[in-house]
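These protein sequence lines are chains A and B, in that order. Numbering of the first sequence is given in this note's numbering, commencing with residue 1 and proceeding in unit increments. Numbering of the second sequence is given in this note's numbering, commencing with residue 1 and proceeding in unit increments.
There may be inaccurate statements among the hints.
Said to hold, decoys possible - Below, a sample of chain A positions facing chain B; criterion: calculated Cβ distance under 7 Å:
no., residue
1, Lys103
2, Arg195
3, Pro262
Since the hints were derived computationally from the structure, they do not count as laboratory data. Idealized CB from N, CA, C, for every residue including glycine.
For reference, the chains in residue letters:
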Amino acid sequence: MGLYGGYVPGFSRRAFLGLGAAAVGGGALGGCSGRRERALTVMTWEGEFDEAARAAAERALGLRVTRIDPDLTRLTAMITAGSPPDVVRAAGALDTPFLVARKLALDLDPYLAASSALSADDLEPIGDVWRFDGVKQGAGPRYGLTKDYSQDAMFWCDAEVFAAADVPLPDAAKPLGHEEWLDLARRLTVRRGGRTRIHGLDVSGQGMFVQLMGATAAEGGSVFSADLARVDFSAPEATAVLGWHLAYMDARVGFSPADPNPDGWPFPAFQARRMAMATAGYWFGALLDDDPALARAAHLMPAPLFGGPRVSPCYSGIGMWIPRACPDPDAAWAFFEWYFGGEPARERAVSGFGLPALKSLRSSLPQGEEFQRRAVAVQEAELPYLTVLSFTPYARSAELEDIVTRVLRKAHAEGLSAGKTADALNTDMNAVLARGRDLVG
Amino acid sequence: MNRLFYLFTLPWVAGFAGFTAFPLGYAFWLSLTNTDALAPESRFVGAANYAEVLDDGLAGEALVRTLVFTAVTVPASVAGGLLFAVLLQLPVRGRSLYRAVLFLPAVVPPVAGALTFGALFDRDTGAVNVLLERFGVAGPGWTDGPRLPFVIGVLVLWGLGNLMMVSLAALADVPRDLFDAARVDGAGPLRTFTSVTLPLVSPVLLFQVVTGVIAGLQTYLPALVLGSAGAGGSLAALPEGGYFFMAHVYTRYAVAGRFGYASALLWALFVVTLLCAALMLRTTRRHVFTLTSPGGARP
Chain A
1 MGLYGGYVPG FSRRAFLGLG AAAVGGGALG GCSGRRERAL TVMTWEGEFD
51 EAARAAAERA LGLRVTRIDP DLTRLTAMIT AGSPPDVVRA AGALDTPFLV
101 ARKLALDLDP YLAASSALSA DDLEPIGDVW RFDGVKQGAG PRYGLTKDYS
151 QDAMFWCDAE VFAAADVPLP DAAKPLGHEE WLDLARRLTV RRGGRTRIHG
201 LDVSGQGMFV QLMGATAAEG GSVFSADLAR VDFSAPEATA VLGWHLAYMD
251 ARVGFSPADP NPDGWPFPAF QARRMAMATA GYWFGALLDD DPALARAAHL
301 MPAPLFGGPR VSPCYSGIGM WIPRACPDPD AAWAFFEWYF GGEPARERAV
351 SGFGLPALKS LRSSLPQGEE FQRRAVAVQE AELPYLTVLS FTPYARSAEL
401 EDIVTRVLRK AHAEGLSAGK TADALNTDMN AVLARGRDLV G
Chain B
1 MNRLFYLFTL PWVAGFAGFT AFPLGYAFWL SLTNTDALAP ESRFVGAANY
51 AEVLDDGLAG EALVRTLVFT AVTVPASVAG GLLFAVLLQL PVRGRSLYRA
101 VLFLPAVVPP VAGALTFGAL FDRDTGAVNV LLERFGVAGP GWTDGPRLPF
151 VIGVLVLWGL GNLMMVSLAA LADVPRDLFD AARVDGAGPL RTFTSVTLPL
201 VSPVLLFQVV TGVIAGLQTY LPALVLGSAG AGGSLAALPE GGYFFMAHVY
251 TRYAVAGRFG YASALLWALF VVTLLCAALM LRTTRRHVFT LTSPGGARP
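In isolation and in its complexed conformation, chain A is listed as follows (with noise of 0.2 Å):
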């Protein structure tokens, strides 16, 4: 084997980087090896973790805890040095075949099953997001766990935007079908010189990857091949929701690669009463209470329907692993169980930013206000149709976003039919999977 494109002997990854590691201070960026008393490092934002719940953490579990935020640079500079954070925030819908693919995260199945905190049975179906078979997400060994989430296909309505263009609102009991919710989105746009006064809707807050993963989802197809090695948009069902979303575009009705969202997602605009329609899950309620004006007038709505199966995924599923590296599992499944079944989880659920990932604690939702209960009715009629898609695990999400913004642009610009855009998607992503395959073998 000769040195190009060849396994050089005895040159692992950690040796490699270890010298670039402990060049930057690796050594020293206090994960789990090398303590002198027990010490958990959480890798997390700070808005999920604060220093009031680091601090009652400290006190739960009796150890010292340190959180830093998430860095791709750091975390891989820390497993690189074998020390790792003992827990990593990630997306469970996005994130869970990619780090069982490296073989990054731990089974926690032994763990779960032992709990007296945690329990299998009380975990919703949204926890499958964190199992990974290999080729099946949903299925096979758990890697992480969820701490809340929403149905992110479902969208919101501003009704005094819907008054205000003479419009009658959607009946919250019955989904709209794509082409009603496209023609409602180009009814209630406003636009002044080439100044968009009213956005109708906004399909772009998530991400456009995921929003066609999942309107293909609801085509009846799948964007990517049943090994999650390859992408094929050529398919009759993701090309059909490819001509959808660049109709979408060229209405230039809402945000979109060709018309970025300058706020980066959709609550500025939907909170100063420009956009009558923005497609984000429960936990968009969350942030309507210091609003009652705007809280009287949000409708949650159910996901729209595109032509196959009625769906209705969750495109993330934050949540938290374990890397298998991690020294102390133990203590850092202790504090699974405290933030996902203890204080921090019933504080969550109460909160109302997002559903919680604990059957227990459903009830718990707020239902004080009118707005809420309405939006508790219709989530609660959402949820049979919960679905976890299988994401490949030879790629990031971020890159095959990348790509699609780069394509779908390009495809606006110049007038690219749905079939030219899936053969272009098709050509570059299918290129990235093929190198991620190649890096884990």
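Please build the complex by placing chain B on the supplied structure of chain A, with the hints as guidance.
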């Protein structure tokens, strides 16, 4: 004396070794591998990453975009800075105030400047399009498409106050008697400028151009803030017009997690930068005025 030299230069040399030479060498080593974020193995791939750079259409487009942007903004900035410096030498009232006003944008933090421009040029809510609408013109999307380099260019020119200050210092160094001699010889203001002022400040202008080109080739921050922070900081949403070469490097690194390939891209840019600098120094040798002593040696 030798010891004193080594003592004072040691911190810099150590810093250079630790923070420049080692990272450069390490990045070069990475560029010869397929190192990927969180991948279980890395493999030596020889020059494969460099071959891919040559075959990478996005990298090529980004490099051309960067070169064109640099070729437009650097001469414009240097010429603008010199023009303001010359104008500020005229005996006008409130000259100090004008100098301060013209310099002020240069001290605004780049991120703050870019955010301000982002707000001004926002398609739906920006003041520029509101103003255009008053005149019946439908304002375009300035920061979300191919017009982004124009906005970044304006932003760069807005901050040419620092170049103006350097040119002012250079102009102050031109001996007054040369102007008097030119006037005695019958030279007008334009001839005096082209035959006396310009040659004497040319070393400073060359310095500005060389450092400007180096900075221009690495342009990234304004595009990120204007084009991507505008989309919630998502690198995937960076508009085509703001997709400069460094943006490509960063997306390969941070979005794709391809540490090895991104290192190869960085080394390619490093070589391009060195070539540009060498080319400029070589081609301007005959046009840049250098003071020499009567014997021919530099004073």
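Query raised in the report: Looking back at the numbered hints, which does the structure fail to meet, lowest number first?
Result: none
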